[in-house]
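Trainee: Chain order of the listed sequences is A and B. Residue 4 is where the first sequence starts when you use the numbering used here, and the numbers rise one by one after that. Residue 23 is where the second sequence starts when you use the numbering used here, and the numbers rise one by one after that.
Don't read these hints as lab results, they were simulated from the structure. As the structure is a prediction and not an experimental result, all values here were calculated from the model. Hints may contain errors.
Within a straight-line C-alpha distance of at most 16 Å, the following computed EDC-like cross-link-like pairs (lysine to aspartate or glutamate) qualify [to be verified]:
(1) B:K159 / B:E208
(2) B:K92 / A:E114
(3) A:K87 / B:E123
(4) B:K159 / B:E217
(5) A:K87 / A:E120
(6) A:K87 / B:E225
(7) B:K160 / B:D174
(8) B:K98 / A:E114
(9) A:K87 / B:E217
(10) A:K160 / B:E115
(11) B:K214 / B:D155
(12) B:K206 / A:E200
(13) A:K160 / B:E112
(14) A:K94 / A:D80
(15) B:K163 / B:E217
(16) A:K94 / B:D126
(17) B:K160 / B:E213
(18) B:K163 / B:D174
(19) A:K160 / B:E167
(20) B:K91 / A:E114
(21) A:K160 / B:D111
(22) A:K87 / B:E112
(23) A:K160 / B:D174
(24) A:K87 / B:D155
(25) B:K78 / A:D97
(26) A:K124 / A:E158
(27) B:K98 / A:E200
(28) B:K158 / A:E200
(29) A:K160 / B:E121
(30) A:K160 / B:D109
(31) B:K160 / B:E217
(32) A:K113 / B:E103
(33) A:K87 / B:D99
(34) A:K113 / B:E213
(35) A:K121 / A:D102
(36) B:K271 / B:E225
(37) B:K147 / B:E103
(38) A:K87 / B:D111
(39) B:K78 / A:E180
(40) B:K171 / B:E220
Each chain, letter by letter, is given below.
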Amino acid sequence: MRPLFSFRSARWGGEKMAARWLCRRLCQGSAFPVSYASRITQKQCFLPHSDLMGARLAGSHVDTQEPKTNPLISISDEPETLYKRLSLLVKGHDKAVLDSYEYFAVLAAKELGISVEKVHKPPKKIERLTLLKSVHIYKKHRVQYEMRTHYLCLELKYLTSSTAAVYLEYVQRNLPEGVAMEVKKTKIEKIPEHIREPVWDTLPQVEETEVKL
Amino acid sequence: HVPPRTERMDVDQDWSSVYPTAASFKPASVPLPIRMGYPVKGGVPPTKEGNLELIKIPNFLHLTPPAIKKHCAALKDFCTEWPSALDSDEKCEQHFPIEIETVDYVSAGTSIRNPKARVVTLSVKLSNLNLDDHAKKKLIKLVGERYCKDTDMLTITTDRCPLRRQNYDYGIHLLTVLYHESWKTEMWESEKTEEDMEEYIWENSCSQKNALDTLLRIKASENVSNVTEEELLASEVVKNYRNSVIALKNEGETENNMAQYKESVKKLLNIQALP
Chain A
4 MRPLFSFRSA RWGGEKMAAR WLCRRLCQGS AFPVSYASRI TQKQCFLPHS DLMGARLAGS
64 HVDTQEPKTN PLISISDEPE TLYKRLSLLV KGHDKAVLDS YEYFAVLAAK ELGISVEKVH
124 KPPKKIERLT LLKSVHIYKK HRVQYEMRTH YLCLELKYLT SSTAAVYLEY VQRNLPEGVA
184 MEVKKTKIEK IPEHIREPVW DTLPQVEETE VKL
Chain B
23 HVPPRTERMD VDQDWSSVYP TAASFKPASV PLPIRMGYPV KGGVPPTKEG NLELIKIPNF
83 LHLTPPAIKK HCAALKDFCT EWPSALDSDE KCEQHFPIEI ETVDYVSAGT SIRNPKARVV
143 TLSVKLSNLN LDDHAKKKLI KLVGERYCKD TDMLTITTDR CPLRRQNYDY GIHLLTVLYH
203 ESWKTEMWES EKTEEDMEEY IWENSCSQKN ALDTLLRIKA SENVSNVTEE ELLASEVVKN
263 YRNSVIALKN EGETENNMAQ YKESVKKLLN IQALP
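This is chain A alone, in the form it adopts within the complex (with noise of 0.2 Å):
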């Protein structure tokens, strides 16, 4: 059965929930010719009411409402982190399930304007294990289970946090029920913010006291 999607929205995203994304500019003033904004929705966008439940994504099926554009989407000023790569390791039992899935992950990455760097299949993954046939004696008869896990994976370079936001919770809300598990990699990067200059330096008397962290 599916999931509720509360129970879903709160699995991942580490340490920020949906409700705030970053952005305008960098931080320390880099030389940036391009200022970015970017958006945060609301918590209604995307935890749906529980009357809406069926509903996924309300708004592209419900002509009735008005733009989202204006009410919904609110620009913040704090910097966006830089993602140089997505990694998505997808999951499952049955290969065409994972087939629909990546034809559905790629289309929906060319969509949103996230390029794509490599789709590849890591070979599939057997365990297998050997039980008794019948409860009691019987030890030369027994039976075989085996557990095929397949995988799939995709890598996505250059996103921002709110657009990998936006892409993993559209990729993960339509993740299909139990075949299919995703484990993700995220790198970001960032500069270092008091490992520019030694410390040392400025504190000509005091020696060795406290390290400035």
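Put chain B on the given structure of chain A with help from the hints.
Mentor: For chain B alone, kept in the frame of chain A given last:
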């Protein structure tokens, strides 16, 4: 008694209103003549009416390409663009040298938590940090196995704290401490011996002493006026010898290095090549 809905569906209907969300397979709502299952002997796979195999398998009927495009069009407003100035890995490396890897796990089960999710891996290239020669060597010694010489990457993996943010803070703290400690010079560091050195230094080594010794003795036996050591050191043959010895010790023995060493020794000792 009631005809199924499929008979009243037109070819160009809006499919996303038939299957707006993930739902199980309803044979009366899907106008496709699908057969699925293991066929009876001499027969065909069973039809879709009452077919449990079709209901069991997850279907993607709610995610047809037009539906995906509609969803993405609605979601596109919430995405931001990657800054166009950072279009290659090298530029990313130059402006943002630190890389932090975190993993999230999504699965269905009794619990949504996964204990592996708190691991954080920090990697930096040492050439991007502000380190001088002594600081770099000390940092490499402090860090041990976590430094890879080929790619010049320092990788710190932390998972000793229960939360990911704590592990990240701890990783940054470790980096800061390593950086500052490597700039400090302790009193006992002056006792560094030749075995502790990372690379071979020719000045004040036995090789230099032996070479100078030999050359002085050669000059003395030829009764040339006393040449000083500085002149010997500055001469071309000694410099060649020095370079070849350093190359041999630091880079290992290759064809080129051995040939270079042979040439420099021949020139130093004035030996003619054997015919």
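Trainee: What's the verdict on K214 (chain B) and D155 (chain B), does the C-alpha distance respect the 16 Å limit or exceed it?
Mentor: Within the cut-off at roughly 15 Å; holds.
Trainee: Checking one constraint from the list: CA of K87 (chain A) to CA of E225 (chain B), max 16 Å. Satisfied?
Mentor: violated (45 Å)
Trainee: Taken at face value, is the distance from the CA of E115 (chain B) to the CA of K160 (chain A) at most 16 Å?
Mentor: holds (14 Å)
Trainee: Would you check the hint for K171 (chain B) and E220 (chain B), treating anything up to 16 Å between C-alpha atoms as holding?
Mentor: holds (12 Å)
Trainee: Does D174 (chain B) sit within 16 Å of K160 (chain B), going by the straight-line distance between their CA atoms?
Mentor: holds (15 Å)
Trainee: Keeping to a limit of 16 Å between CA atoms, is the pair of K160 (chain B) and E217 (chain B) held or broken?
Mentor: Cα-Cα ~15 Å, so holds.
Trainee: For the pair supplied as a hint, K147 (chain B) and E103 (chain B), is the alpha-carbon distance within the 16 Å limit?
Mentor: Distance ~27 Å between K147 (chain B) and E103 (chain B) Cα, so the pair is violated.
Trainee: Does D102 (chain A) lie within 16 Å of K121 (chain A) when you go C-alpha to C-alpha?
Mentor: holds (15 Å)
Trainee: Does the alpha-carbon distance linking K87 (chain A) and E217 (chain B) stay inside the 16 Å limit?
Mentor: Distance of about 41 Å is beyond 16 Å: violated.
Trainee: Would you mind confirming whether the straight-line C-alpha gap from K91 (chain B) to E114 (chain A) stays at or under 16 Å?
Mentor: holds (7 Å)
Trainee: Would you mind confirming whether the straight-line C-alpha gap from K87 (chain A) to E112 (chain B) stays at or under 16 Å?
Mentor: holds (11 Å)
Trainee: Checking one constraint from the list: CA of K87 (chain A) to CA of D155 (chain B), max 16 Å. Satisfied?
Mentor: violated (30 Å)
The structure is inconsistent with the numbered hints 6, 9, 14, 19, 23, 24, 27, 33, 34, 37, although it conforms to all the rest.
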